[in-house]
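Chain by chain, the residues:
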Amino acid sequence: MPSDRYAEVALEEKQRLFDEVKADPRYKTYLYGCYECGICVAACPSARFYDFSPRKIAQTLAREDVELFYEQLNDDVWNCSQCFSCNRCPRQNSPGGLITIMREVAVKNGLRTTKEALAGYTRIIYKIMTTGTQVSPDMLQEDAFPDWGPQVKAVSQNLDVWRRALPPETLHTTGLSWQVEERTMHELYAIWKMTGTLDMIGELDEGLHDIMEEIMDDALEESGLPTE
Amino acid sequence: MEPIDIPVAGTKVQTSRVFERDPETVRDEDLREAIWELGREGEWIVQPVPEPYYLAPTKFGRQKKIPLEHTWHHKSCGQCGHIPGYSTSIFWLNRLLGFDYFDPRDQTSCTAWNYYASATSNQAAQAAVAMRNFSAAYETGYYPLIHCGTSFGHYKEVRHELVHDAKLRRQVRAIIEKLGRPFVMPEEIVHYSEWMYAVRKQLSERVQFDLSKITATVHPACHYYKLQSGDAIYDPEIYGGQRTAAVTAVVQELGAQVADYSTWYDCCGFGFRHILVQRDFTRSFATLRKIEVMKQEANPDVVLTHDTGCVTSLDKSQFAAQAHGRNVGVPVMSESQFAALAVGAHPFRVCQLHWHAVDYRPLLHKMGIDVERAWAEFEADVEKIKHGEMEYLTWEHVL
Ligand code: SF4
Ligand code: SF4
Numbered sequence: 125m126p127s128d129r130y131a132e133v134a135l136e137e138k139q140r141l142f143d144e145v146k147a148d149p150r151y152k153t154y155l156y157g158c159y160e161c162g163i164c165v166a167a168c169p170s171a172r173f174y175d176f177s178p179r180k181i182a183q184t185l186a187r188e189d190v191e192l193f194y195e196q197l198n199d200d201v202w203n204c205s206q207c208f209s210c211n212r213c214p215r216q217n218s219p220g221g222l223i224t225i226m227r228e229v230a231v232k233n234g235l236r237t238t239k240e241a242l243a244g245y246t247r248i249i250y251k252i253m254t255t256g257t258q259v260s261p262d263m264l265q266e267d268a269f270p271d272w273g274p275q276v277k278a279v280s281q282n283l284d285v286w287r288r289a290l291p292p293e294t295l296h297t298t299g300l301s302w303q304v305e306e307r308t309m310h311e312l313y314a315i316w317k318m319t320g321t322l323d324m325i326g327e328l329d330e331g332l333h334d335i336m337e338e339i340m341d342d343a344l345e346e347s348g349l350p351t352e
Numbered sequence: 003m004e005p006i007d008i009p010v011a012g013t014k015v016q017t018s019r020v021f022e023r024d025p026e027t028v029r030d031e032d033l034r035e036a037i038w039e040l041g042r043e044g045e046w047i048v049q050p051v052p053e054p055y056y057l058a059p060t061k062f063g064r065q066k067k068i069p070l071e072h073t074w075h076h077k078s079c080g081q082c083g084h085i086p087g088y089s090t091s092i093f094w095l096n097r098l099l100g101f102d103y104f105d106p107r108d109q110t111s112c113t114a115w116n117y118y119a120s121a122t123s124n125q126a127a128q129a130a131v132a133m134r135n136f137s138a139a140y141e142t143g144y145y146p147l148i149h150c151g152t153s154f155g156h157y158k159e160v161r162h163e164l165v166h167d168a169k170l171r172r173q174v175r176a177i178i179e180k181l182g183r184p185f186v187m188p189e190e191i192v193h194y195s196e197w198m199y200a201v202r203k204q205l206s207e208r209v210q211f212d213l214s215k216i217t218a219t220v221h222p223a224c225h226y227y228k229l230q231s232g233d234a235i236y237d238p239e240i241y242g243g244q245r246t247a248a249v250t251a252v253v254q255e256l257g258a259q260v261a262d263y264s265t266w267y268d269c270c271g272f273g274f275r276h277i278l279v280q281r282d283f284t285r286s287f288a289t290l291r292k293i294e295v296m297k298q299e300a301n302p303d304v305v306l307t308h309d310t311g312c313v314t315s316l317d318k319s320q321f322a323a324q325a326h327g328r329n330v331g332v333p334v335m336s337e338s339q340f341a342a343l344a345v346g347a348h349p350f351r352v353c354q355l356h357w358h359a360v361d362y363r364p365l366l367h368k369m370g371i372d373v374e375r376a377w378a379e380f381e382a383d384v385e386k387i388k389h390g391e392m393e394y395l396t397w398e399h400v401l
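Line by line, the protein sequences are chains A and B. According to the working numbering, the first sequence is numbered sequentially starting from 125. According to the working numbering, the second sequence is numbered sequentially starting from 3.
Fair warning: there could be bad hints in the mix.
Among chain B residues calculated to face chain A with C-beta under 8 Å, some are [to be verified]:
hint	residue
1	C82
2	S89
3	D105
4	F321
5	V384
6	L395
7	W397
It is worth saying that the hints were derived from the structure and are not from the lab. Note that the Cβ used here is the ideal one computed from N, Cα and C, for glycine as well.
All chains, please: the whole structure from these sequences, using the hints.
Shown next as structure tokens:
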């Protein structure tokens, strides 16, 4: 039965997004067909706790069912854990890889459901893209991780002194996972600019994009690194 | 209460089937010749694995070169951010063995965590980040050793894409050259747990405690062996070559028991985005599918793994589950931390176990380590730092 969940969206738009996914150079090595054997589902952590199935993703794409594709692009892809347990597919598909591409297309096109799914994540995007490290010790705060128990509080209370009680010099940091050279970060900014990654952020969150652009442009101007 | 004698299945896989490995018939291609060929054509510089190296068997029988020293430590955001004892233990083991290594500042994260979580990057950007880090390593003369399972798997994917897609290769090369860097591909992409595998005999000669009563369960990291799988270490001596030998071979060599459990192949539930903003999923999966199953089937003293995300999910998820009366409560750490403890590293100055959530003290007692004394020593260090008598804990304090 065709999906009617997004009946208000024109078929052409769904087709356009499908074509964008299909045009990704990785697509042809991630999808060879589908035996409908369910091995990927049995291996998939997300299938156990969500109404989600890697088999359905592979089948939908193999059948080129653009209606169902659009529904999955909105309602399913953010449930995937990107663990690639589904790579044990006997048909040599990578449903997780297909989802990687679908997510990228969803971000590039600023889908409303994508913005919702990533709303709580933007602070992390900011962190990685401006500092070059994803997680910093000072993120370990009780209010952010109430379910991790009292040890989080112990870390946050002793953070500075515990970081200094680490023998590797590169780890004497609280705002970064390790000390990253300024030049190294600037090269990362240049990569984000040259590959259009910063533009992708614009589709997701305009405010975040503007803050990041300002930081990166100022730093790049100073460093003399290329931006395109 | 009397301890219950729970039968442990051990590491023999229950099958009579013999798995014959034939490199000629595998589906995962060996990229290394293509990498050298592209090097000869001037497409990139190939950085050779420095000697001395160890030859380790991979899934289909190819031998992989594992450098012993002159390694450039590609750190991992999660380990270094909140499990610092993981990397510290790797460095400490290098020092113990007298190996020359390099801990760079000219390194970014692989950025794959963000990419898998939020998709706010793309193929070219991810490849450029990888190649920038590789060129930074090459410029120091040291060889990249990747600490994180995800960085390792992701970089192998990137390598595969760069070998097969000339357009992407040219695009990324142009970016790296604009940064004023050489365009370099390492001969092999090597994970630290493969290095642990390579040095396991040297470590076992230095073991300080009787570990024969210690039972570990191993959680192999998805991205270590499920991405570009032909390149992971498989040893006929370990699980009959049916599962990756990373972590398990080291733990057995150190004299501890490794117990099997039925959800061995399952992911830890990390989920990239989930661990930060949808932890109910991570917690449910980590405890119901992994820790509880391990407890029920093997009752381990410790869970060992070789990736940032796995240590985080499996360790941090247990507190809330315990509050609900679930059958959990097993310490979790990397095999680098466990091996360091076994050969005499300080549990807090080196292994930094105070960053971990589940109580690790019963394990240390069982190993024969005086935890209370060690903690008092660490607290004394901390007091000195607080009062300005010592600025930092240094390597001189811990070797
Ligand atoms: S990558 Fe996604 S679809 Fe594949 S097994 Fe993991 S969670 Fe499931
Ligand atoms: S494992 Fe492969 S062939 Fe089987 S259902 Fe999943 S995608 Fe289809």
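Evaluated hints:
1. Proximity of B/C82 to chain A holds as hinted, the smallest CB-CB distance being about 4 Å (cut-off 8 Å).
2. About 7 Å separates the beta-carbon of B/S89 from the nearest beta-carbon of chain A, less than 8 Å, and the hint is met.
3. For B/D105, the shortest C-beta to C-beta distance to chain A is roughly 5 Å, which falls under 8 Å, so the interface hint holds.
4. At a threshold of 8 Å, the smallest CB-CB gap from B/F321 to chain A is about 3 Å, leaving the interface hint in force.
5. Hint on B/V384 holds. Least Cβ distance to chain A is approximately 5 Å, under the 8 Å limit.
6. Annotation: B/L395 was flagged as interfacial toward chain A, and the flag holds, the nearest CB pair being 5 Å apart, inside 8 Å.
7. The beta carbon of B/W397 is positioned within 8 Å of a beta carbon in chain A (closest approach about 5 Å), and the interface hint is therefore held.
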